[in-house]
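Visitor: What follows is each chain in one-letter form.
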Amino acid sequence: MAEIIQEEKGKGGKKKPKKHSTHIDMTPMVDLMCLLITFFMLTTAFSKPKIMEILLPEKLKKDEVVEPPKIAESRTLNIILGPDDKVFWYPGKADPEVTVLQETDFSAAGIRQILLDRNRALFKKIEQFENDVIAGKIEIKQDSMLNAIKQLKKDDDTGPIVLIKAYKTSKYRNFVDIIDEMSIVGIARYTFTDISWIEENLVAAAIGVAPVTASGTAN
Amino acid sequence: MPKIKIHSKQPRIDMTPMVDLFALLLTFFMLTATWRPSDPAPVDTPFSVSEKPTPDANIMTVLLSADNRIFFNVDNGPDTILKFRPKILAEMGKRYNIEFTEEELRTFEKLPSSSFGVSIQDMKAYLSATDANVRASLEKGIPIDSTDNQLALWVLFSRQINPAVNTLIKGDANADFPIVREVLDILQDKNVNRFNLVTNLRVIEVTEEITE
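Chains as they are written, first to last, in our numbering: chain A, 2 to 220; chain B, 2 to 213.
Simulated from the structure, these hints should not be mistaken for laboratory data.
From a predicted model like this one, the values you see are computed outputs, not experimental measurements.
Heads up, a few of these hints could be off.
Calculated lysine to aspartate or glutamate pairs in the DMTMM-like style (CA-CA distance at most 20 angstroms, straight line) [to be verified]:
1) A:K51 x B:D40
2) A:K142 x B:D40
3) A:K169 x B:D186
Generate coordinates for the entire structure from the input sequences, incorporating the hints supplied.
Guide: Listed below in structure tokens is the structure:
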């Protein structure tokens, strides 16, 4: 880009007053501007982190007694976040005699497959709906599309009800990952509950730690 | 044969339009760039598929570092103009019988890294410190014990002074979950039930229908 300013040579001995070029060499300025633009472009484009919204059920007041909602045992799926990115799960109700924890992980063939198997009907419905929108069969605005998906989830009565619990040595990462899985698979109903001592003991047995005593942690 | 004269003059490119365009772009990016202050502790946020961008205004952030310290930050964005920060600190001071001077309130408003992890008792020393090392040594995390739950009070006053505030939780991927749970509990005690977890975008191919 650099400009070479050539001095004009006087021809044939004619005396000409030396012409000073009025051009300014802009190369350094352009260089600097390029650099600054690159810097600002990169910082604006990549610095923005994303957020994931979660809504937890309201806490009960101290002396408020509310009947806990009844849910079908057959649809219940319990997920326990364990240490070292392990995930344990079991269907139905916890029973120290009968319940066997199954271990899996956060890979695509792990917990996602398990959730997907149980949520296939709803997942297909949502997928079908999205495909129809893309294909132009259904004309709908972007924000009402989200509402329509929400409605699909609300009307669903076949998918699992997922109860998520966390063992004491699990990490924050696991928590985010599991919510992420919920949104990937399109689970309609999931919530966080405290881990019970039965489950704590089951996990402790699974990872080979001495079980905690039943007193105190029960709830 | 006539000699063909070769033009010896260098071809000259007029760079003015290019420079004009560059100047315009530069101005645009400079104005849209928001200066993000660095966090007092390094935080590697976990990944998710969520594509929702972080809001700019009306946010309070609870920062959880990998060593389980808790930092708090409120009103760090375009709404700084409304000067919520000094008001919130003054309220905190009143609760703990600590009188903050005008000077200290102003320092608090313009903290170099806007998240702070000091207990209110150490706040005066923290604000008067000029050395970054002294400041860092005071950042032991905001206490959340049930006897002296300062995080709950920060949340309470932030919401009193700016009712529109949204809650962001920015946790390190390796923070222990029980601490996160405790923070969530504290927020829920103060009737915050909607949380925004700060994550990085991870793109996964939607690999449904692996087995039919």
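Visitor: Are the hints correct? Go through all of them and say.
Guide: To see whether the hints hold, each was checked on the structure:
{"no.": "1", "hint": "A:K51 x B:D40", "result": "16 angstroms, holds"}
{"no.": "2", "hint": "A:K142 x B:D40", "result": "39 angstroms, violated"}
{"no.": "3", "hint": "A:K169 x B:D186", "result": "15 angstroms, holds"}
In summary, the structure is inconsistent with hint 2 from the numbered list given earlier, while agreeing with all the others.
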